[in-house]
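Asks: The residues making up each chain are set out below.
4 protein chains.
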Amino acid sequence: MCTKHKIGRTWEAFLVLLVYYTAWVSPFEFGFLVRPSGLLTITDNIVNAIFFVDIVLTFFVAYLDKTSYLIIDSKKEIATRYVTTWFLLDLISTIPSEFVRVILPNNLQSYGYVSMLRLWRLRRVSRFFARLEKDKNYSYFWTRCAKLVSVTLFVIHMAACIFYRLAAHYFNPTETWIGSVWEDFKTESLYSQYIKSLYWSITTMATVGYGDLHAVNPNEMTFDVMYMLFNLALTSYIIGNMTNLVVHAATRTRQFRDTIHAASSFAQRNRLPVRLQDQMIAHLTLKYRTDSEGLHQQEAIDSLPKAIRSSIANYLFYSLVDRVYLFRGVSNDLLFQLSTVKSKFVLPFADFTVVHFNRLTNHLNLLKVSEMKAEYFPPKEDVILQNEAPTDMYFLVSGVVEHIVHKNAIEHVVGEARTGDVVGEIGVLCYRPQLFTVRTKRLSQLLRLNRTAFLNLIQANVGDGTIIMNNVLQVARLDIFFFLVSF
Amino acid sequence: MCTKHKIGRTWEAFLVLLVYYTAWVSPFEFGFLVRPSGLLTITDNIVNAIFFVDIVLTFFVAYLDKTSYLIIDSKKEIATRYVTTWFLLDLISTIPSEFVRVILPNNLQSYGYVSMLRLWRLRRVSRFFARLEKDKNYSYFWTRCAKLVSVTLFVIHMAACIFYRLAAHYFNPTETWIGSVWEDFKTESLYSQYIKSLYWSITTMATVGYGDLHAVNPNEMTFDVMYMLFNLALTSYIIGNMTNLVVHAATRTRQFRDTIHAASSFAQRNRLPVRLQDQMIAHLTLKYRTDSEGLHQQEAIDSLPKAIRSSIANYLFYSLVDRVYLFRGVSNDLLFQLSTVKSKFVLPFADFTVVHFNRLTNHLNLLKVSEMKAEYFPPKEDVILQNEAPTDMYFLVSGVVEHIVHKNAIEHVVGEARTGDVVGEIGVLCYRPQLFTVRTKRLSQLLRLNRTAFLNLIQANVGDGTIIMNNVLQVARLDIFFFLVSF
Amino acid sequence: MCTKHKIGRTWEAFLVLLVYYTAWVSPFEFGFLVRPSGLLTITDNIVNAIFFVDIVLTFFVAYLDKTSYLIIDSKKEIATRYVTTWFLLDLISTIPSEFVRVILPNNLQSYGYVSMLRLWRLRRVSRFFARLEKDKNYSYFWTRCAKLVSVTLFVIHMAACIFYRLAAHYFNPTETWIGSVWEDFKTESLYSQYIKSLYWSITTMATVGYGDLHAVNPNEMTFDVMYMLFNLALTSYIIGNMTNLVVHAATRTRQFRDTIHAASSFAQRNRLPVRLQDQMIAHLTLKYRTDSEGLHQQEAIDSLPKAIRSSIANYLFYSLVDRVYLFRGVSNDLLFQLSTVKSKFVLPFADFTVVHFNRLTNHLNLLKVSEMKAEYFPPKEDVILQNEAPTDMYFLVSGVVEHIVHKNAIEHVVGEARTGDVVGEIGVLCYRPQLFTVRTKRLSQLLRLNRTAFLNLIQANVGDGTIIMNNVLQVARLDIFFFLVSF
Amino acid sequence: MCTKHKIGRTWEAFLVLLVYYTAWVSPFEFGFLVRPSGLLTITDNIVNAIFFVDIVLTFFVAYLDKTSYLIIDSKKEIATRYVTTWFLLDLISTIPSEFVRVILPNNLQSYGYVSMLRLWRLRRVSRFFARLEKDKNYSYFWTRCAKLVSVTLFVIHMAACIFYRLAAHYFNPTETWIGSVWEDFKTESLYSQYIKSLYWSITTMATVGYGDLHAVNPNEMTFDVMYMLFNLALTSYIIGNMTNLVVHAATRTRQFRDTIHAASSFAQRNRLPVRLQDQMIAHLTLKYRTDSEGLHQQEAIDSLPKAIRSSIANYLFYSLVDRVYLFRGVSNDLLFQLSTVKSKFVLPFADFTVVHFNRLTNHLNLLKVSEMKAEYFPPKEDVILQNEAPTDMYFLVSGVVEHIVHKNAIEHVVGEARTGDVVGEIGVLCYRPQLFTVRTKRLSQLLRLNRTAFLNLIQANVGDGTIIMNNVLQVARLDIFFFLVSF
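Residue numbers (our numbering), protein chains in the order written: chain A, 19 to 505; chain B, 19 to 505; chain C, 19 to 505; chain D, 19 to 505.
There could be a bad hint or two in this list.
Copies of the same chain look alike in the list, so a pair counts if it fits in one copy or across any two.
Said to hold, decoys possible - Straight-line Cα separation of at most 16 Å, EDC-like style, residue types lysine to aspartate or glutamate; simulated pairs: (1) Lys154 - Asp296; (2) Lys425 - Asp351; (3) Lys398 - Asp340; (4) Lys459 - Glu434; (5) Lys24 - Asp153; (6) Lys398 - Asp72.
What the hints contain is simulated information worked out from the structure, not anything from laboratory work.
All of these numbers come straight from a predicted model, not from anything done at the bench.
With the rest of the complex left out, here is chain A (with noise of 0.2 Å):
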């Protein structure tokens, strides 16, 4: 199945590159070709026979319905939804130009307007894009520059050969745009012709305008009328493109930027300690280099299912929880717990208040932000101030912290913790005032555990409780010995 999908989309950019040759061909055909020569004949007849077998092709692929969202593979369905539809229109541009000729009595005029008919299978450059824009192997910015640039040179090569026929047919080659400046136009190479239209085409196009060539006769004037009016929209639907492009490709460094300012202007208002302003730059820095994603990270998450949600954060911390002496020997059920449930807190009454933004688009990001992931902490920033109140525990993923007291306005260290260990944690399983302050030694990555959720959950498995105050308690007395030696 899934080397069929390869092989149908292999086959779907091969044809694509043949609609760029068709439209080049085309209106190159239609423009400056009287009589089809040999070797543009026979590769137009490939090119024809190659649509033809994708025609031919299309009966035998399943397409995705769009109301029910199922695959039909159904011939039959496929068959009727194809023959209603463009069949008729794909058949048409797929016959050879020489055929026409046979039945047509004008056949020299025919074998331009024959030519033009294979434009009809632009539609699937569009549908191509449109593809192509979806899909997170490409670039948003490029693809959508490539389909500008397509359309653009499309447009003036087009407008070139028109002109051009415009010019050679009409009854008077010196009352025409190129015969009133070089009056042997018709006799120059191809190329000299072909590159003097499209200058006249792109100088139109570009609004420039010299004015070395120029309408000179109604029909070019008419023509030139519409060309102009067109561009006029071209351009506007490329500058609009282009608006939308700069805007969402500015958005992130701006946000940082206005982040960053608002926070040095609060703290020049306020004149808070250079240490502090230090810390609060370096933070929203870290943030920003580190959380790339940013909020759309924290939303494509968020509208993600509960199992699945539940299923990456096990997979992300049980290993981590597993390690921590907190929970040596508590029951496997409230591992898993721990590592998953930290999204959503257990008992009936929390459930109201733990508001539930599921699709979280470019501005918020709640509660599950520090949930779901652990954060990072520059170096010397503080995770924990002594004697605040015990709302949360971390655990350090990785990285290094001290354990700091401050005695008569000195700050002692009287401890460390690395990848694997808990800190905050006997202020908060004893409810008191936080012991220590906890500062980053190096640039750390901390997962928060909030004191509600994991009370809660051993409410909910009271034997592992007993398990975890027990080893806490153990660890405590050392901590509380080691603390009360160190003055």
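Chain A is fixed; fit chains B, C and D onto it per the hints.
Replies: The following block gives chains B, C and D in isolation, referenced to the frame of chain A:
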């Protein structure tokens, strides 16, 4: 009333067509014609007569008062309002030019100016487009485009007519923009004159400015200066509008891309297992497809009053809930509440906690998202994980899910649930970790019911609660039996 | 104080007018005049004198300190601030050019340059527009447009004057942009010279570039290069502003469209009954009409402090609540609290749960939306559904609603309520499912009171609670009697 | 380390200057010079040497690893990274052109091409601007503008040089864009040649296209076609950037306008008393002025970790709380918690309900807004209303407020509070409707303390609670005494 309304709309659309005619013909008469010719005079007067009829009709049509939001149909009030506002200008713009020529001495000149008075009717088009923009039956994009194209064409046509008039009335014909190139321009056909004027007008408007035609005398320069200034504003306005439309049109695709990109970069950075990654991408892609209106839909529904929301929920979910074995034999009242009350909890203190976002403009989906609609799950996605906390149960609206038990790291499929079944209810009702992993077998649609909301409902209907528990126990017994047997 | 303020504003507006005069006349003198002519000299000196008066006045006008947000009126501080900032430049720009000519040797040349010094006054216009943009009495759209037009006109005029000066002072008059076309340009009328300069200036600025006039000598080319570069920036700036304005102006209509579109596509996909669809669309349309400020209004009110919000609520709803039979005989305190406290619950734990969004920029309407304002309901819309959970009661501010009972799938109208009545109160107070469906008969305005908020209030005022229950029971008895009789 | 850092920055800035020199001189040598002249060669080689020094230095400078966010300073890793990326290209771009001429046979031609290799250095400028954009010390607006101007100037200069080269190397000098107008262009001064090239380049780039100079031979046409296409993209990019900047710059003013407009239209529709209207407008205007960073500030602070937020709150409010009579004699711990814990409630169930918005991108100010900062109130604004529910008390940070009692619809001023006082505390602590209306006498700054947050704190510190109640009762007694006496 409704038929009246329809006739009114058709009449208005018909008048707008006539305004388009006027918008073309008035400047044309002003610029190119010195005296009204046969056919044009007749058409003009017919159009004038129709607009006169409309003036009379206006006295009989009720209008909406913008302060009280009431329909006013009192003849007197309608007349007062109309006479004190636009009546006079409407009337003047229907005076036949023949009549004016009889009155005013210099009748040739006045012919053009009287014609221009008719342009007052243009305000109808502006009103017409303002209405169309708010009409859900017309595409916003194409309505705006049609408006911009109309304005642009009118401006070009208008300028072309004025330019010609300036040249035709200048004392020295060879010192005009057209006379300096074609000396005998006055003897050319009307079509030739018009196309040349139009050609220069659009050349200037589109800022191409070839220079083959250019202002020669001070009068032309003065008008051209004003025209170019006006065009600067007009092109800015066009570009502004196009940007607005492009940004709007691109928003949904871009949000999808950002979400997918964020999710997959998150997965890659944390090295999530491939199966989990696939589940994430599959879910987000399905959500994008099935949720074509996305956030706007939720907003729209959230901004409705409670009674309408309840009616909708009842209509959508009553028959589903009615079929579920859990609610066999319960009272009709409970069924009604089950299918409607979901969007609001019943216990007093619950009320506080449900944050009501009455109108969520394109950025938030709340709690209620999962309550008001049955969400789609792609095939092979986990809905419930074994051992997770029992916060929700799910009703199957369509599709098939499997019950899976993990035993020694091997998955055993122990059952299946189909449309109309309920999963996760034993965990929820007995308040114990979920017994099974529940995984979709194919595209399924599931309706989530929160444990707390459900318990509140049962507390308020004690009798029904007993019935439900009996229903559960009967089935649960079988399930547990089946579960024990299978190992 | 207020009169002073008004005079100040008028004086400022008058000065801005003079600045406009200066902005036109200074470059004109610089470009076209070799010596000041009679009338112009007089006007210039009068204007200079007025600006000198303004310099003197500035020493007597208090200003707002941007750090402390206090009005500073100490003479000394005003003088210090002015002298150390703009005083010198302001003074120099008022020196009469006659005086300069006496001092400087090359007085002819200097005439123009001294004129240019006056342009320093332009900073006033910038300040003036910055103030106007924040003034609610002026349209933002037109203020921005006026600013852009002023800037554009000034730039064109300025460039025209410089272009002419460059030509007039060039050693070889025939090798200038104007002299190469009209050799005797210096003998032409001032008007003709000016309009030609302006014409070329705008032709270049608008990027039309006919080419009938173009830079000839290196000096002109150099200036033209700079002018074109500047114009590139200016047109980008104009387009950026226009986009900003268009997007802003289109936001509301588009949000309405998106909402309506989402609602109707939801209705169609779920095949909701037509009556329900009509109710949805009618409600959303009415909401859009009556809610002309929409979200901004809610934001503005939410960002006010509690005391002001309470005053507003009391002013709006006291008289309404006072008339309701339910509150006959209750204390004034309760009435005050009923009409104000609604935006905040009273019980301690309620406080937590009311999420306070102090400033909700264009995206959220919360809880309080339905509490602070009486919402409109279109005719034939359900307000309460029979049997639904009794979470709210409603006061009728205006309009008429019907009580409807569903019996055997037939609707019986059993009563009517009008302005000043209350509906749904029996369900709320007796805590039982609503007895009636309540449906509007015509456009009605209803004020919602949440059950919990109401109960909390009564708990805090026990005596009044008893009175209310008595009031209810008296009426309820009649109602129930009426209800039983009717079947 | 920091000094190193500074030197690094200065060195980088110096190199960017040299890149600017290169960006100008390389295309110039390519277009206009056939052989390097004296001074230019020397400068070129000095610049080359400096860049060679930089290559050497790069081997000694630590870099930031983008995966681990660590600074890498191992010599080997630095070398590996550099050699495998840009080293070769950097080296090639420093090869002196004299050296190349010796090696390659056709040394005249190669001179220009070797020059062009130097443009590889431009990537530094791009990196430089990317860094500047994120640096809070530089204005985002001007950085972006400088970048756009640099790019535009470079493109114009580059095109001018290529255009000249095309003309100078064409076999028939009279059939070139410059030779067809000035036949002897090769004998003109370098300045004259350069200004003419630049003039044509910008004329084309800005789409002015006078037409006095235009492409003549196919080579020129081909290049011109590509140049115009590129310019289409470039101007779109410039306009897109400008729109981005304008929209960003206008956001704040527009939000203020929308807020004011909404508030006043609300007031007018509901016919609020003038005094209330004035209070509303005054408050919103003051908020706009004092809150210059507005929402971004709140976001920035909310995205900081709890410890930093606590430090800030402690720094800002400890001294204030310490002075208040209410807290005379209470423990230091309580004071610390009072001044910090405000942003988080302490009781377990409170934790659920405080919705944490960790990052609030420009749309929301929550709960914590009023907790983390002292808000400004304009003069004569009501802070507390007599009889309203006692939900908050306020500390005066600065300014003066009055206590007012309403008795028989007359207002009696019964007291005053100043910096360091607290108002509304009796209502809050005794849980009864507020006794006084509190109104500001002049611009005041007040810090709000929520009743619930306060009660929770006291419950956790029972001893301190008693002290506080004693403090209150002492003062309250006086107050009540004063209150009774005054009537």
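Asks: All the hints need checking, so say for each whether the structure fits it.
Replies: Outcome of the hint check:
| no. | hint | in the structure |
| --- | --- | --- |
| 1 | Lys154 - Asp296 | between (38 Å within a copy, 13 Å between copies) |
| 2 | Lys425 - Asp351 | between (42 Å within a copy, 14 Å between copies) |
| 3 | Lys398 - Asp340 | neither (28 Å within a copy, 29 Å between copies) |
| 4 | Lys459 - Glu434 | within (9 Å within a copy, 50 Å between copies) |
| 5 | Lys24 - Asp153 | within (14 Å within a copy, 43 Å between copies) |
| 6 | Lys398 - Asp72 | neither (65 Å within a copy, 33 Å between copies) |
Checked against the numbered hints above, the structure breaks hints 3 and 6 and satisfies the rest.
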